[in-house]
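J.: Single-letter residue listing:
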Amino acid sequence: MSFAELLPLLVILSSALASFVIFFLRDDRSRLRTSIYLGGEIVKLGLVLVMLQGIYVGAQYELRVPLLPDIDFLLQANELAMLFLILSAGLWLLTTLYSIGYLRHAPNRARFFGFFGLSVSATAGIALSGNLFTFFIFYELLTLVTYPLVVHRETPAAMRIGRQYLVYTLGGGVVLLAGIVSLQLVAGSLEFVAGGTLTGDEASPAILIAIFALLIGGLGVKNAFVPLHSWLPAAMIAPTPVSALLHGVAVVKAGAFGIVRVIHEIYGIELAAELGVTLPVAILASFTIIYGSIKAISQDELKKRLAYSTVSQVSFIALGVSLVGYLDTVGGVAHLVHQGIMKVTLFFCAGVIAETIGVKYVSKMGGVGRRMPWTMGAFALGSLGMIGVPPMAGFVSKWYLGVGAIEAGQPWVIAVLVTSTVLNTVYFLPVLYVSFFGKPTGEWQEERPHTRFEADWLLLFPTLAVAGLVFLIGLFAGWELSPLGWAELIASRQWEGQFGN
Amino acid sequence: MGLIGSNWLVVPIVLPLATATLAMLVGRRSAPYLGLLTASGILLSVAAIGLTVLEEGTIRYQLGGWEAPLGINLYADGLAVFMLLMTAIVGAAVSAYAVGYFTSRQDESGRVAGDSGDRSGSFWVLWMFLWASLNGLFLSADAFNLYVTLEIMGLSAAGLVTLERRQSALSSGMRYLFVTLLGSLAYLMGVALLYGALGALDLATLGELMYPGAATWSALALITLGMALKTGLFPLHFWMPAAYSNAISPASALLAGLVGKASFYLLLRLWFDVFDGGLGPGPGQVLGLLGAAAIVWGAVMAVRQRRLKRLLAYSSVSQIGYLFVLFSLATTASWGFDAWSGGVYHAFSHACAKAAMFMSAGAIVRSVGHDDLDRMQGVGQQMPLAVAGFALGGVTLMGLPPTGGFTAKWLLVSASLESGQWWIAVVLLAGGVLAALYVLRFLNPALIQVKVGPVARPATQNLEVTAFVLAFGSFFLALLSAPLLALLRIGTPFASVLLVGTP
Amino acid sequence: MSPVTFYLLSSVGIFVVCLYGLIVHAHLIRKILALNMMGSAVFLLLTGVARRGELTDPVPHAMVLTGIVVAVSATAFALAVARRLYEECGRAYLPEEDPEDLSEEREG
Amino acid sequence: MNLEGLLSVLWPAALVLPLLLAAGMTYKGTRALSIALTPLSPLPALGLAVFGEDAGVDLPYILIGMSLGLTDATRVFLLFTALLWTIAAVYARGYMANDYRQPRFFAFFLITMTGNLGLIMSRDLASFYLFFSLMSFFAYGMVVHEATEKARKAAHVYLIMTILAEACLLPAVLITAGVTGTIDLGAVPAGLAGSEARDTVVLLATLGFGVKAGAFTLHLWLPLAHPAAPTPASAVLSGTMIKAGLLGWMLLIPAGEVPMPFWGVLFMAAGLVAAFYGVLVGLTQGQPKTILAYSSISQMGFMTAVLGAAIAVPEAWPVALFAIPIYAAHHALIKGALFLGVGVAERTEESRHRFQRLLVIGGLVLAALALAGAPLTSGAAAKDYLKGITDLAPLPWDNVLYSGLDLAAVGSTLIMARFLFAVWPPAGGQEQRPPALLFVPWLVSVGGVAALVLFLPETLAELPGLLLTFEALWPLAAGVLLVTVAWYLDRRFGGKPRERLVPAVPEGDLLIPVTRSLSLVRRGWKSHAAPSLERSVKFVTDQGEAYASELVKIRTAADRLESWAQVWIVAGALALMLVLTVLALSVLV
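Residue numbers (the working numbering), protein chains in the order written: chain A, 1 to 501; chain B, 1 to 503; chain C, 1 to 108; chain D, 1 to 589.
Hint data in this document are derived by calculation from the structure and do not stem from the laboratory. Since the model is a prediction, treat every value here as computed from it, not as a measurement. Each hint should be verified, as a subset may be incorrect.
[Unchecked claim] The calculated lysine-lysine pairs, modelled on BS3-like cross-linking and capped at a C-alpha distance of 27 Å, are:
1. K538(D) to K553(D)
2. K451(B) to K360(A)
3. K153(D) to K439(A)
4. K526(D) to K538(D)
5. K28(D) to K439(A)
6. K439(A) to K150(D)
7. K360(A) to K439(A)
8. K153(D) to K526(D)
Use the sequences and the hints to build the structure in full.
T.: Written as structure tokens, this is what we have:
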């Protein structure tokens with residue numbers, strides 16, 4: 001087996017092995033655990049960077065193992081995969097540091113970090129899958145390994161929510177599986193091919209549409225399309241690092257990423273447009289965007305508000321790729337990264353605040369801005385990004401989506417964008433206002449002693465780092481290695497010629 | 001090579017028989033070691049048989065050199081080896097588990113049982129007989145030998161259920177005994193009719209001579225009835241929950257994992273090798289329909305249970321449904337092999353997973369002293385490995401990748417969609433979600449943390465480890481799909497389909 | 001009606017009647033007896049089948065012999081279990097429901 | 001390093017420097033230095049405005065490709081904007097000297113300034129939008145700074161209006177980029193002119209920038225926010241930031257490409273209404289800063305109306321491109337001087353220094369005269385330039401505009417008189433001087449106002465002809481006459497007619513009915529819609545519960561069925577059925 005074949009596997013295994021070893025360490029051996037874990041992470045990040053460089057200069061990484069008749073287990077790195085991969089691997093490192101601070105004195109850390117690493121491995125697998133079959137394997141694995149994280153607190157409420165989580169995601173998986181099997185029967189191939197595997201001659205349009213509906217319906221659960229979204233706000237019962245990386249990024253993105261793959265590399269944008277299936281997806285996404293925002297307004301619990309905001313924001317990705325245009329595809333794909341980083345920032349902030357001074361509700365955030373200016377500053381960056389204020393990352397995505405929608409002849413999308421912007425403002429600005437200009441409602445519930453920094457440095461620094469990223473990747477979006485630049489690379493290299501222009 | 005290779009076939013039958021006899025003689029002290037030794041011997045021989053079959057194709061062995069119809073013929077094709085392998089793996093795991101199980105002084109209800117050593121000895125004898133009969137059943141090439149192995153299997157299985165001297169165990173064992181005897185008699189009646197009509201017992205010969213007629217139809221009906229009873233196909237599963245849940249846990253693991261699969265295997269073998277696909281599409285449809293109903297009904301009832309082992313028993317009712325679905329799918333059409341191999345693959349993965357789950361459940365029940373689901377709080381804290389083993393097994397039941405359940409489900413769903421019976425696909429897929437529900441029925445209370453867990457009970461470390469290892473191993477069964485499916489292709493009744501179907 | 005048919009019909013008759021007996025009789029000994037009789041019905045059929053051709057076919061006889069051995073051991077085992085059940089709970093009936101199934105009482 | 005090299009560094013530096021200083025406010029160690037350096041931060045931009053003609057710089061890696069540069073019109077904008085921010089920054093140092101929230105104020109001040117300068121310097125849509133929203137959102141921090149009830153309310157209204165404005169601007173910008181396929185501001189109007197989306201974009205731009213420019217009906221926030229902010233902030237809010245809206249219109253509306261009579265008329269009408277409305281409402285106000293805010297509305301009305309003429313008639317566009325920036329510069333400097341003067345006058349009230357008091361009064365009067373367009377001031381020239389367009393306006397509007405502007409100038413005189421009455425520093429009092437940091441920048445701004453005439457694009461010889469006209473004189477004279485009469489009457493009747501004739505219009509005028517109707521809607525929702533909604537929700541949940549109890553029934557039925565199937569007879573019957581079915585089917589099928 002050559003290095004090029006092995007590399008994708010190594011990327012997945014590096015985190016999985018580290019996590020696996022951790023399961024068998026006693027809970028109190030935190031130093032050993034941390035070093036193994038961080039070692040795994042650094043190895044993984046290094047491998048990913050090697051791969052990134054290779055992909056950039058045009059190398060091929062592919063691992064193919066036959067598994068079922070006519071179906072291979074296929075790992076394949078390409079530009080799109082790298083985008084998701086680098087997002088998950090990079091944020092994983094920061095989230096780990098954050099988690100170490102977050103769980104400093106909590107029980108069951110070995111289990112937590114173990115499953116956390118496995119989740120990241122599953123995410124890497126999702127990114128690197130070369131066909132829908134492999135994708136599905138990792139997609140379901142992700143469901144499984146995130147379940148213990150959702151119920152990590154092991155309270156009756158957590159268990160109840162864990163059950164809901166599993167039923168929703170497994171239900172979605174089942175539908176997706178039905179779609180994948182049908183696709184295999186119809187097309188005989190599940191591979192992701194630039195421009196689409198399907199030619200449209202395999203079966204009647206009605207069947208192709210039905211399969212598309214199954215695929216999107218299945219992926220839509222993780223992507224949290226309304227009305228399949230209610231697991232996401234509920235899953236906020238998990239510890240904050242989980243909410244941040246997994247439910248803010250990995251799990252929902254798995255759905256969104258799948259939708260990108262299905263539309264662009266299974267059906268191909270032309271066939272999808274011909275079948276008329278893209279518009280319903282766009283409408284569904286738009287509805288989700290608006291519904292999520294409206295629900296977010298009425299949430300007093302900060303994490304819930306952020307969760308509904310996730311519901312809303314993730315659908316921008318689906319919206320972008322389903323609009324059949326070059327620019328909005330770029331915008332949607334770039335939003336994959338942008339939304340991830342912004343949402344991680346916001347969740348980190350929420351976690352820092354809850355951990356440091358015990359404030360979890362927006363209505364009680366008066367004066368937080370004065371007590372924790374850095375944290376709230378980071379929150380401000382993240383929320384301005386979500387609103388789409390330039391030069392934050394969110395603006396860049398919205399710009400591409402909007403301009404692309406016009407170019408693609410779908411002006412109604414502008415209305416969606418604007419409504420979402422206004423609604424985002426309505427639910428984010430009060431948070432900022434209350435925390436910066438409001439008066440404290442009383443003593444903080446459980447204030448940790450004020451150290452040199454306003455909070456535990458392991459919590460604070462990753463937060464500031466991601467907040468800085470929100471700003472930088474927006475500001476330097478024009479750079480060719482920025483997420484946007486990479487998204488353009490994807491669109492131009494992988495899906496070239498699919499678009500009319 | 002041929003001589004040595006085919007001689008291997010005898011080992012998995014003779015070795016446990018010999019051990020059983022020896023175990024009666026040596027007593028309870030050394031019986032476990034004998035058992036473990038046998039288990040490893042069987043594993044070895046099965047591996048050897050498997051390699052031979054993979055290399056050289058099917059093997060036929062004539063015991064003592066006597067030819068059919070008088071002599072006893074052994075026959076190993078891909079399917080038989082597959083089942084042997086399943087039995088060897090699960091059997092070895094259960095053996096290891098049993099060693100730990102019987103060294104502890106207390107029985108499951110927590111009372112000190114004076115006769116536990118006694119039971120240990122009987123367990124090993126019965127289990128070795130059972131193993132011999134299972135291996136014999138998989139390797140038999142004629143209908144009457146199948147009856148004999150079936151009876152030995154039924155009797156030793158019923159013996160295992162009644163090992164426990166509790167009223168509930170005895171009465172459910174009794175009921176099980178009646179059912180299994182009735183099933184065997186129905187089967188024997190069918191064989192008698194077949195012999196009357198065709199004048200042969202060798203399966204291959206029967207298959208060649210088969211014609212539709214009153215006798216063969218009746219034989220089919222009787223054999224189906226017998227095997228459906230013994231496997232516990234809905235709605236004839238009435239004996240199953242009690243038998244599985246009241247037996248001691250190693251026995252439950254064997255019953256649910258292997259015994260049910262053996263009678264299913266028998267039906268499968270006769271259905272496609274002898275009856276040429278059930279003499280027409282009709283009967284298969286009935287079984288498929290009942291299988292689909294079983295999936296739903298079993299799962300619904302499993303969710304409704306209040307006791308852990310009954311939950312597992314009903315889960316078996318549901319999972320057995322997956323096996324029978326293949327009868328309505330596996331025809332000579334291009335998807336036939338998919339359906340057939342999917343069902344068989346499901347048997348394998350379910351055997352491993354369910355055995356592991358029963359083993360975990362046994363460890364838990366032993367440790368906390370009851371199997372009341374509502375009082376499982378804190379178990380996850382106390383016995384993480386057992387709960388993890390249970391959960392991993394549960395994932396197989398849900399049919400998620402990378403477990404074997406996924407491969408099976410993929411193949412079955414694929415076949416059902418291809419054959420146009422999409423409603424079966426719906427049931428199969430919904431079954432996975434229902435499985436998640438009943439697995440959570442246990443996990444939900446078990447994972448809840450409590451300040452003070454249930455009082456520490458006897459150490460069950462070994463039991464937990466065994467259960468976990470089996471569950472963990474079976475978790476990755478989908479990754480072995482390619483070699484295992486290649487094995488199944490050898491001597492499959494769908495060879496003609498394969499030539500046409502797959503490139 | 002040829003002798004074979006006669007044997008066949010009577011065997012089926014006995015089988016069905018005994019099956020009925022197995023199902024409706026609650027007493028364990030009756031059930032065991034019913035099972036035994038069913039076995040005999042099958043043996044009857046087999047012996048009938050053996051007489052079908054010009055020559056007597058030895059194979060069914062071998063089967064009957066083996067079957068009798070099996071039936072004997074099964075009966076013995078069943079009787080042993082029935083006896084033990086009687087010793088444990090003082091009755092020779094099977095409860096229609098699993099006693100631990102729906103009982104509210106829980107161990108503890 | 002040659003000048004070009006220096007310039008290419010200066011472009012980004014002009015934007016980065018203030019941001020760096022703003023960042024410096026966050027850390028204790030650098031705070032004092034940052035505050036001290038704040039007045040220097042607009043200087044690079046000022047330098048660019050002076051020397052940076054025709055130059056520019058492209059920064060493709062920023063955002064979607066940032067491009068900075070200046071045109072003739074924006075150069076004027078940059079010039080007065082940078083100048084006023086510099087003056088305001090110095091002034092703010094004095095004004096804020098004793099305020100412990102100083103760092104926060106300066107951080108917002110600097111970022112808002114970056115936005116204001118950046119939007120003028122950007123030559124691409126995205127950067128323009130970036131800086132525009134940067135300015136809009138961060139100005140909130142300045143408005144709310146005093147944290148009084150009034151300031152909070154003002155900031156609240158400001159924020160809501162700003163968000164609504166952004167909600168219009170975002171689509172306007174997106175649609176523009178989408179239909180024109182370019183983000184180059186120089187190419188946008190041409191691309192937009194022929195497209196179908198033109199009217200949509202113009203509508204959205206009108207609304208979006210109209211909020212900032214204080215266009216009639218969109219001005220609700222302005223009379224609240226401008227006075228509520230600290231004085232240096234008021235000066236830049238009213239002086240320069242308000243002009244950003246105007247600039248936005250000029251950049252995005254494809255005037256000069258195609259005639260757009262409808263939009264032209266709308267702008268002209270709205271502008272004139274605002275010009276008078278501002279005056280009328282302003283006259284009723286008592287607070288000097290509020291009066292100035294209304295005056296700004298009125299003055300922006302002038303410019304809006306003239307812009308309207310250029311929108312309607314493409315030929316007028318070059319003239320407008322020349323006249324409007326000059327008028328904007330003129331108004332910006334004067335408004336700055338007036339607002340800053342309010343602060344100075346406040347602190348001069350109780351001073352015994354006669355000279356200083358005279359100086360203050362003199363300066364304020366000078367600025368007021370200039371605003372009213374008195375002869376010899378820049379006002380006369382600026383208004384003259386504006387009038388140059390009226391000839392080109394479509395038919396009835398040329399006269400309407402012409403006389404409208406004159407009449408409005410009368411109004412300006414009145415409102416300035418009202419202002420002077422309000423701000424007039426009383427004589428006598430204690431020994432206290434305004435700090436030099438307030439006084440000096442104000443003096444500079446007044447000097448700027450006075451000297452503005454010298455920088456007009458005319459030769460010195462032509463100036464008197466331009467500045468000493470009857471046209472400039474008569475509105476002033478009429479205004480002064482009216483004021484005198486009013487003053488006399490007021491004195492004569494002891495203020496009663498004023499009370500009776502002049503209704504007390506609350507600050508924010510139209511905002512009151514708007515909020516009332518909103519609260520009416522809310523009450524309606526609470527009393528009617530919400531209960532019925534609750535009822536329907538309850539109905540649904542009731543149905544759900546009923547369904548759940550049905551489910552329980554089904555469940556128990558299932559349990560019963562299951563235990564029934566365990567009865568031997570039932571099981572036997574089922575087995576028999578199975579046999580018969582298999583048999584029947586194998587025979588039949």
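J.: Hint by hint, note whether the structure agrees.
T.: Going down the list of hints, with the structure as the test:
no., hint, in the structure
1, K538(D) to K553(D), "23 Å, holds"
2, K451(B) to K360(A), "25 Å, holds"
3, K153(D) to K439(A), "16 Å, holds"
4, K526(D) to K538(D), "17 Å, holds"
5, K28(D) to K439(A), "23 Å, holds"
6, K439(A) to K150(D), "17 Å, holds"
7, K360(A) to K439(A), "16 Å, holds"
8, K153(D) to K526(D), "24 Å, holds"
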